[in-house]
Amino acid sequence: MAHSLLGSIFMEKKDYQTAIEEFQKILTLNPDDDETQTHLKQAIEKAASEQKPQKPLKKEEPVDEKKSKPRESTASITIAELYLKQGHFDKAIEIFQELLAEDPQNLMLRQKLSEAVERQQKEGSVDPSAHKLKKNQFTQPPDVKEDIIQDEAKQESKQKVKSGDDSKFTNEDILQVMRRGGKDDAMLEEKKIKPVVVKSEPVVEAKKSAPPEPPQNSNKISSEQFDNLKGVLAELSGLSGIIKCLVSGRDGIPIVSMGETSNNADLAKQVSAIFESTRRSVSQLNQGKLQQVLVTAEIGNILLVSFSDYVLIVLANNKINLGLLRLALDSATKKLDKLF
Amino acid sequence: MDFKKILEETLSNVEGAIGAGLVGMDGIVIDQISHNASFDINAVGAEYSSILKNAMRASSNFGLGNTAEILITTDKATMIMMMVGQNYFVTLAINLEGNLGRGRLELKKAIPKFEKELT
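Chain order of the listed sequences is A and B. When you line the first sequence up against the working numbering, it's residues 1 to 340, in that order. When you line the second sequence up against the working numbering, it's residues 1 to 119, in that order.
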């Protein structure tokens, strides 16, 4: 594959950023490509090791023994908490960010990061040169957070173009790369090519860390159907304003999801209950076969579409263009009807 | 209280409208108007008030705030329900050839009128 070759060439040239982008392109097309995943990991590690701060820690800092070790090994919650206790908020925040980059859904880490930033804002930072974060960068849902990150990435890339120096990475660059290499995969390159962006890799509820494969609770779904299902969801989740979309059985068990992954089980259960009660009501009222339910609330929308024995659930913010969403859903439903 | 007048006005402004009604969250119909015998607003009120309650619970649980509207599409018609204050909702049924956008707009226009009548 051309991207694979390009990635290897850029790796040899030590242009890890471009290599990462090439490998990510491959993974967008084939997320299960183990070899490319390994290459991407290597590229990220090399990019991170190049970017590691060279300056030694100050004498009064209690973790001197760590300074010769790579950043990855020092990135632990304990050390971050030590930094927090001593008022080195920036360092603590940095470590929490790194840990969150590896595990974006970890609520405990988010909470700790939130606390660290709050304390930084209240008490001030020991290291004034370090960058300060806004709280909403991690308290927002991943898609919103991602927008913020991408906006920053755009600004930074503009600055790089202006300065003509694209050979150095900032910490934020590395974190973005690591995030993009993780679950919340959004490729800036793709955004340039087409307006829709695949915000995240599909998540199988039964095995979140395992490669996507048909879960046990969807015996009727073949691997091919499952892959196609993921494709339809990926396409749908590219629509601006969609927070998450998932497919669940009529029993409320989620099968596959795309986008923000927290509370999927609860969402699927409650929303499927709404759909089922509506279906019964519509049937009793002799109003035909239920096709779609749209719940509009103050902050967002829940859209439910029936196909075969499943329900497509879409959670969108209140800025979404409902007309476009319905259009996209019509298209998705047609595809899903063909699939099942 | 001229609820029927507001409902009639709404219905006449929406192409393809089948019927409309003002219903309490307890499922009791306050007033209604129908152009189609198959659209029984009394039954609709009872059934849809429980759907609204479930939707309100779900919206609240998922941090989406208060439910403002529910749109139900079937292969025969589309039903729009919009909250009127905290304790009532107005519903409008439109056939498949009807103007759904107009329906939503007219209902939004009718809500302040209902609210004024109800206070």
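Be aware that a few hints might be false.
List time: in silico DSSO-like cross-link candidates among lysine-lysine, alpha-carbon distance up to 27 Å [to be verified]:
(1) B:K53 / B:K116
(2) B:K109 / B:K5
(3) B:K76 / A:K289
(4) B:K4 / A:K319
(5) A:K46 / A:K122
(6) B:K4 / A:K334
(7) A:K319 / B:K108
(8) B:K53 / A:K289
(9) B:K53 / A:K269
(10) B:K4 / B:K76
(11) B:K5 / B:K108
(12) A:K85 / A:K41
(13) A:K319 / B:K5
(14) A:K338 / B:K108
(15) B:K76 / A:K335
(16) B:K116 / B:K76
Derived from the structure by calculation, the hints contain no laboratory data.
Hint check results:
no., hint, result
1, B:K53 / B:K116, "23 Å, holds"
2, B:K109 / B:K5, "14 Å, holds"
3, B:K76 / A:K289, "8 Å, holds"
4, B:K4 / A:K319, "34 Å, violated"
5, A:K46 / A:K122, "36 Å, violated"
6, B:K4 / A:K334, "40 Å, violated"
7, A:K319 / B:K108, "18 Å, holds"
8, B:K53 / A:K289, "22 Å, holds"
9, B:K53 / A:K269, "16 Å, holds"
10, B:K4 / B:K76, "25 Å, holds"
11, B:K5 / B:K108, "16 Å, holds"
12, A:K85 / A:K41, "33 Å, violated"
13, A:K319 / B:K5, "33 Å, violated"
14, A:K338 / B:K108, "37 Å, violated"
15, B:K76 / A:K335, "22 Å, holds"
16, B:K116 / B:K76, "33 Å, violated"
In this structure, the hints that do not hold are numbers 4, 5, 6, 12, 13, 14 and 16, in rising order.
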